[in-house]
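Novice: Since chain G is already given, all that's left is putting chains A, X, V, U and Z on it; use the hints.
Residue numbers (my numbering), protein chains in the order written: chain G, 442 to 534; chain A, 535 to 692; chain X, 6 to 117; chain V, 464 to 1434; chain U, 5 to 134; chain Z, 2 to 544.
Incorrect hints may appear among the rest.
To be verified - Restricting the straight-line Cα-Cα distance to at most 20 Å, the calculated cross-link-like pairs of lysine to aspartate or glutamate (EDC-like) are: (1) K1148/V x D109/U; (2) K519/V x E467/V; (3) K1188/V x D208/Z; (4) K55/X x E502/G; (5) K1255/V x D1276/V; (6) K581/A x E526/V; (7) K519/V x E961/V; (8) K1148/V x D111/X; (9) K1255/V x E112/U; (10) K500/Z x E526/V; (11) K55/X x D1193/V; (12) K1095/V x E114/X.
The hints are simulated quantities; they were obtained by calculation from the structure and are not laboratory data.
The chain contents come next:
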Amino acid sequence: MSHTILFWSVTIAQFLLAAAMGLAVFRMFRGPRAQDRVLALDTLYVNSMLLLMVFGIRSGEVVYFEASLVIGMLGFVATVALAKFLMRGEVIE
Amino acid sequence: MLPYPLLSLSLVVMWLALNGFTLGQLILGSIVSVFASWGMAALRPSKPRIRKWHLLPKLLGIVLYDIVRSNIAVVSLLFGGGGHKRRSDFITVPLDLKDPTGLAILAVIVTSTPGTAWLEYNSLSSTVLIHVFDLVEEAEWQDLIKNRYEKLLMEIFT
Amino acid sequence: MEFVLALAIGIMTGSGVWLILRPRTYQVIIGLSLMSYAVNLFIFGVGGVKSNAAPLLGEGVDIAALADPVPQSLVLTAIVIGFATTALFLVVLLAARGLTGTDHVDGREQPK
Amino acid sequence: MTGETLLALLVCLPFLGSLAAAALLRTNSRVLAARMSGVVALAGLVMTAFLYPAVKRGPVRFEVEWLPQLGLDFTLRMDGLAWLFTMLITGIGLLVVVYARYYMSEEDPVPRFFSFLLAFMGSMLGIVLSGNIILLSVFWELTSIFSFLLISYWHHNAAARDGARMALTVTGIGGFCLLAGLLILGHIAGSYDLDAVLAAGDRIRAHPLYLTALVLILIGALTKSAQVPFHFWLPNAMAAPTPVSAYLHSATMVKAGVFLLVRLWPALSGTYEWFMLVGIAGISTLLLGAYFAMFQQDLKGLLAYSTISHLGLITTLLSLGSPVAAVAAIFHMMNHATFKCSLFMAAGIIDHETGTRDMRRLSGLLRYLPATGILAMVASAAMAGVPLLNGFISKEMFFAEAVETHADSFLDRILPYVATLAGAFSVAYSLRFIHVVFFGPPPVDLPKPEPHEPPRWMRFPVEFLVLACLVVGIIPGMSIGPFLHTAVVSVLGDRTPEYSLAVWHGINTPLIMSTIALVGGIALYAVLKDYLARCDDGPPLFRHLRGQRIFERVLVTVSWKWARWLESRLGTRNLQPQLRLVATAGLLAGVVPLYISGFSPRPPAFGEVDPVFAAIWLVGSVCAVGAAYQAKYHRLAALVLLGGAGISTCITFVWLSAPDLAITQLLVEIVTTVLILLGLRWLPKRSEKVDNSVALAARGRRFRDFLLAVGCGIGMFVFAYAIMKQPVPDAIASYFLERAYSEGGGRNVVNVILVDFRGFDTMGEICVLGIVALTVFALLRRFRPAPDSIEKPEQQLIQNAFDAERPERSAGDTVRDYLLVPSVIMQWMFPVVITFAVYIFMRGHDLPGGGFAAGITMAIAFLLQYLAGGVRWAEDRLRVLPLRWMGTGLLLAVATGVGAWLLGYPFLTSHARYVDLPLIGKAPVASALLFDLGVFSLVVGATVLILIALAHQSIRTHRVRAIEASKAEEA
Amino acid sequence: MTPLDHAAGLPAWAAILVSVFLIIGAGLTVIGTIGFVRLPTFYERIHAPTLGTSWGTGGIVMASMIFFTVLATRPVVHEILIGIFVTVTTPVTLMLLARAALHRDRAEGNPDVPSEPPVPPSAAVQAEKA
Amino acid sequence: MNGWMQHLIVAPILIPLVAGAFLLFFDERQRVLKAMVSVLSCLALAAVAITLLRFSGAEAGFQGVYLLGNWPAPFGIVLVVDRLSALMLVLASVLSIPALVFSLARWHAAGPHFHTLFQLLMMGLNGAFLTGDLFNLFVFFEVMLAASYGLLMHGSGSMRVKAGLHYIAVNLVAALCFLIGVSTIYGSVGTLNMADLALRIGELDPDRRMLLEAGASVLGVAFLIKAGMWPLNFWLPGAYSAATAPVAGVFAIMSKVGVYVILRLSLLVFGEGESAGHGLNVLLYGGMATILFGTIGVLASQALGRLASYSVLVSSGTLLAVLGLGNGEVTAGALFYLVSSTLTISAFFMLIELVERGQDAGASVLAVTMEAYGDADEEEPETEVGVTMPATIAVLGTCFAAIGILLSGLPPLSGFVAKFVMLSGMIGAGVQSGGTIPAPVWWIVALMILSGLAALISMTRAGIRTFWASMEGTVPRVLVMEMAPVLVLLALTLMLAVKAGPAMAYMEETVRALQHPAGYIEAVSGARRAGEAAATTTAGEGD
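Pulled out of the complex, with its shape left as it was, chain G reads as follows (with noise of 0.2 Å):
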């Protein structure tokens, strides 16, 4: 029983979180502006990381949240960066 829902809920949940990255890829594909695509990237990681966690429920390993977590926690760095690129042209200044 929970067997089966759990199975479909995962494999909706996994879906959709794959549809919401390809979304966000198009995005990032399409742009129009550089924004656009960091924003998309920023979104496409948050996808990726839920979608890792939905992995981690699937797979019923704790082993691998810390990809997860580092996404949460240091995955911003890298849209930090291109987003003060975009602001100042230079990322340290």
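Specialist: The following block gives chains A, X, V, U and Z in isolation, referenced to the frame of chain G:
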């Protein structure tokens, strides 16, 4: 030894959350947190002083509630609901809060809440430019930010 | 799984190869990065693809079911070396650009 | 002293002398060097003389092992022929030294001359005394080298340089061919030892490779002896000082070629091929040399061509394959050496005294140089083959052989006529030499107006040689006879013919031929006399067809023009074609073996595809292709898309059970992104407009690249699929899985492999990172941005201008406001990330994580602060000393490894223990953890160094610019 | 697909709860991303992903926490860290990005964007700087 | 065998590593100290290498296999000292000392961290020679390459950086090929240990064998790029001629690393069995093409640096072609040639710098470097230490002539002996096998002669131009410290020529061992772990 006790405590909690609670981990976590807070001290950040601890949970509650609410609002807006033509625009909100930590928290709140985004803070005029996803009444939003969040924050800090 | 992974490796390799054949240094560095992703995945894939069988030893883990740890450790080394060389290449291309005034890979614009 | 050591000494002495003379270089003492050389030559002569009795009994050998496995030994062997030549070399060497003592001027660096001369003498002795054919080749090449140095002795003179180079090139080619030929010969004979080779004559001649060997050896011999068509270097070599010409180009070096033919005569001669090849070369040289000689205006040129002709005579004799002819050849070599050497010396005296060698300017010198004139006349007569002189006897022998039939061929039939004709020519040029130079009206307008007889001792060598001509010419049997016989026996052995060295053989065909030649020569000269007095240098018909010029041109064309053209065609200095080739090579290397062995990949089964996984890779592929598409104009977009591909990779790692990789990949990607962004600031702006007019060629190139890219992609796909479908043979993986915990002390097998099983890899890997960081640092210290990147970025200019314009704003307000809130949060993250780094580090051995990931995390913590506050702000607060971190890391890693030595284990042996700690309980303490700490430390240091060094460029360039600006203001 | 064998022993209420949170989280995320793709201007688009970073993340974090807590029969809370970090760091990104966008739009003279307070920048200034 | 002696095997890697790391703690200004540490390290290396050479020669008692981390052979990483690797170690360390001493005169001050990079280059080289593990080979290749990148661009300047860019790009792609190759081999055989690979290759089923061969070919591409086979070698002339003299001097051995690995792997893995001789033809014809290209380049080069670089190609091509013949005797000759040509080219690169110093061309090179010194705020004044050379021109000229002689294979130096032993082997094999010499052999012979001739022509041309036509009056300032290394290297070639007998005996023994890989395999798989009883051999073999 402990320049930022609250920070150190949080770090210990984080350590334990990551590693699970054992005595060994507590000791280890404490050591690590002390070192880490020394690292923080090196940065010489402006030191926030929290006056009213008891207001923190209240703030948290308000924020969580607002986030849920605005989540729903934005979702419905995205699906064309809301019953009116959506207008998004920029608003400028004058702020009295000066403390960087307070401002940061305010910014986090504003931005985490779907539907509002903190764009630009101007330290000279103490105003913040906010983009609102669904702007019905500008004053309403200014009021929301000023009274609902800023006031509380001012109370906690200062 | 294998099919998808192999296809992905192929596409990344193709994109990378295309890029490293371009005349701008920046294209080359992106191409090299893509290729090193592809190669890392290739090394990784060589060990066979197993889902949810991380080579972590716990209580009562069936060793035979675990993924091959060797390619993983090789990839780890390869990632590090790839990172290092990318950094180096970046700086070299910057230096070359500074000294030659162009970002063409040959240090001068090709006559059309 | 035994014969053997004497032999060794004989060869070594000149080289030692050469070194000693070179040591005198700075003293520039002409007399000392000359005396020393004279002593060396004399000693050689005396030693040779002493060796005669032994040689007469049979060859004297001296052997030292050099490369015994390959049959190359330092074997010296003196038999009759070698003895005769040794006498010649040392004897004439002595005379040349005496002559040169007076010939060389004060200004010349004389010690160098004698040094080279002695070295040459040694090499020449080496050739004649080699008992191993490879050793012979060694000395052979040495003579080429020293002759180069001697010819170019006056290297300020372009003619000398060119002549030397040509001589070296031609004889060098010959030498290489000779080596190859001798190698074949040696292998056919089964040994490089000369005795063995000579004994294997029949086998050699019957071997299928005989012709190849013969041709190669002949090229060597003929180039050295300046035979047609390789003759042209010799006249050009006349730019050398006259003693050199006298020694090398008449008496010794040019004889090396014919010497070799004599030496190998028993092994090679007697076949039709030999006859034809050697014969044609010899006859044409004989004739052409003599013909050319007649028309030379340069004294030494005349002598040079005459030398060529005489060498042709010797070659012709050798070609005939009859023993008597061989005797004549050996005899003529001796004779030629004596008279030609004396003639060169005489020419040198004339040159020395008058300052010119141009026969058009010389005239009537007999009244100034009577003694020299007479000596020259006698020598010329010997050259012309006048009876009672040595040249006559050997020429008679030649004529006698010429009329004999040998291999009944076309050559045979023309030989008598050719011989006579050449004889006539030789008479004519000899006559011309004497007549023009010594007779006629007194010379006008000589460079040195008052010629007079040279010093006594300068003339002595000429006198001595002329005397020898006379003695041999009159009493051959009593003078040279026995020695010649010894030499002949040593070459011909049992086949030694009956011959007599008499002056008078009665009236026979050769004598008639001689007479015809003599009369004809005189008549010829009479006819040509007036023409020769005016004509240009060089013979009619061939004046424009000058070997040296053709050679030069061919050499320049082939070795310079063609080479440059080919180099630019076959190679490239551009990167793109290189990478194209590398990619193609990689593709072919992968595909061709599979194709050859008929590999067919199994068709894919789509059922097993996880759709989510496929979706992730759809995303990843779009990112990859997008990055490829955007990288030219939208750099940032390409970078972002690269990040997308990276995240797909990262998810794949998680999906397929590699959490360690996922973490590392993510961290690396974050750092890489920041890194590339840091670099992006220094790249030029690029707008899409630039390149819309795509030329057809460019389109073609792109299409080709596209095909290659697609090909590589498909290849990689097939390859990857094939290999992934192949179950991995479990050879070592399970070993690691089984022992990681029990022996490695860790549950994370990947980490245990990294720090323990294959910790050495990791050590190398961190070295790479460290090296790269150092290189980056070094490069950036010299970094100069391109002019268009020196300015602050556009954004900053606008924002700064905005701040400057508003009276209420102060500089930097915009950025301060911009970062006000974010920097607070980023500061909060600092201790958190540090804690996280420690966490990742600590758990590494049992769970995903480890030193590397922790190190990068730590570096990101620092990086974040730089991002938040800028370089100045961050460095005001944090002092990271990356070099220390790196050094410590490396040393710690090594120290951990070396620690195992103390316990008697190999490097990097890890020790895991569980330690009971109060309160905490059992804690694992593995030495691998210490190693990992080293990794951590290095990674932190290196990553920070790379990032920060790059970040520093912004402020540094501003500083540099400020300095420059202030300088400009001052000026 | 790997069956969730380990989840077979999960009580139904937990399974349902986890599923609900999962679907909510994933659903919000995907809706946010749809909005991100569909909305016309950048400043509107900036709101969309916050769905994912707020309750999208929250939902999945909750699901994960419940799931592992029930599975391990002890409180597993480390997922909360992800929630905290995402909440704290996303604003940084958005703020910086939005401000950068603002700058770029202003520099290009985009009329839809409010000018820099308090004094509106004159067009002359823009021209001068360009 | 003393246990401590056993650790000598790892010393060639650790000594430079420790020295290099140690140097990081000192400021750039402490140059004398840095130089001393560096020289000491190289001396120690040479001592260790020579000791290892002796040990590996004297069979008994010396276990030439070092189990890192005390893990048995196919599992852990092993270092193997056999005659071949010992030879290469000695060559590398012998080469390093003169180059280092040369650099001390001025170049080591032309940029930061020269000595560390130099030491780590030595580490990479030594590691590549010693390791018995494919992936570890990759790592050491990368160490070597990374250090070489740094050293190549040492002194900066647009020429070097441009050359460096190409060099790095090509080598990065090569590194990717390397990885693909190694992982394919792992995927098809399941092991990374070379000896184990050789052992298992016999038992492979056809599908795997195909993959293995394909993987090995891709791997081969990486090595061939390194070795400089045409048409994968266009980066080499640019890179080598742009490097500073002492760096180019050590680089002389880097292209030989590729050759070394090819030699080792082709004989070990593809020496016997079904895949025997895999890819030999590529080596043969590729090698010939390389000789030809190198020859053309030698002729076409005006700048001495490029001439020397093309000589590297000629040398590589010769080695590859000769290895492609697969003839043991010739291979021994090739090893001799390898040593000789490496020493020669190293000396040549250093000499060029000295020669060009007095010339206009040299002045422009110097200007390029000076351009890098532009940053006034970070430049220390260049200080020259040491004594200038007496009779400079004479010595330079003699050295130049000696190098010309070596390159063109003229006697009496080792170049001749090398050429002789190779030619003798090739021709001998043909003659003895019934009198027909196969066409490829003829081609190689012809090409070798041609290349020697080209070197002769080119070197005389260059020598005349340099010494006689243009150098009149301008005597370059050359320090004894710079001249001595060149002289030492040349003296070594002379010694090699004189001692050709023993040297060739060593080479032949080496090749004999290589041709019978069983000994190597046995040594590796039978290596005993420390602390294990002597009776139990091959631990873990039974899994």
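Novice: So, for every hint listed, does it hold in this structure?
Specialist: Verification of the hints:
Between K1148/V and D109/U the alpha-carbon distance is near 19 Å, which keeps this suggested pair within the 20 Å criterion. Simply put, K519/V and E467/V have alpha-carbon atoms about 14 Å apart, close enough for the 20 Å limit, and the pair holds. A C-alpha spacing of about 11 Å is found between K1188/V and D208/Z, which places the hinted pair at or below 20 Å, so the restraint holds. Annotation: proposed proximity of K55/X to E502/G holds, straight-line Cα distance about 15 Å (limit 20 Å).
A hinted pair counts as satisfied when its Cα atoms are at most 20 Å apart, and K1255/V with D1276/V qualifies at roughly 16 Å. At roughly 93 Å between alpha-carbon atoms, K581/A and E526/V are farther apart than 20 Å, so this suggested pair is violated. Taken as a hint, the K519/V and E961/V pair is honoured in the structure, with Cα atoms around 19 Å apart against an allowance of 20 Å. This hinted pair checks out: K1148/V and D111/X have alpha carbons roughly 18 Å apart, not beyond 20 Å.
Only pairs whose Cα atoms come within 20 Å are accepted, and K1255/V paired with E112/U is accepted, the gap being roughly 18 Å. Taken as a hint, the K500/Z and E526/V pair is honoured in the structure, with Cα atoms around 15 Å apart against an allowance of 20 Å. Only pairs whose Cα atoms come within 20 Å are accepted, and K55/X paired with D1193/V is accepted, the gap being roughly 15 Å. Taking the CA atoms of K1095/V and E114/X, the gap is about 15 Å. The hint holds against a cut of 20 Å.
Checked against the numbered hints listed earlier, the structure breaks hint 6 alone; every other hint is satisfied.
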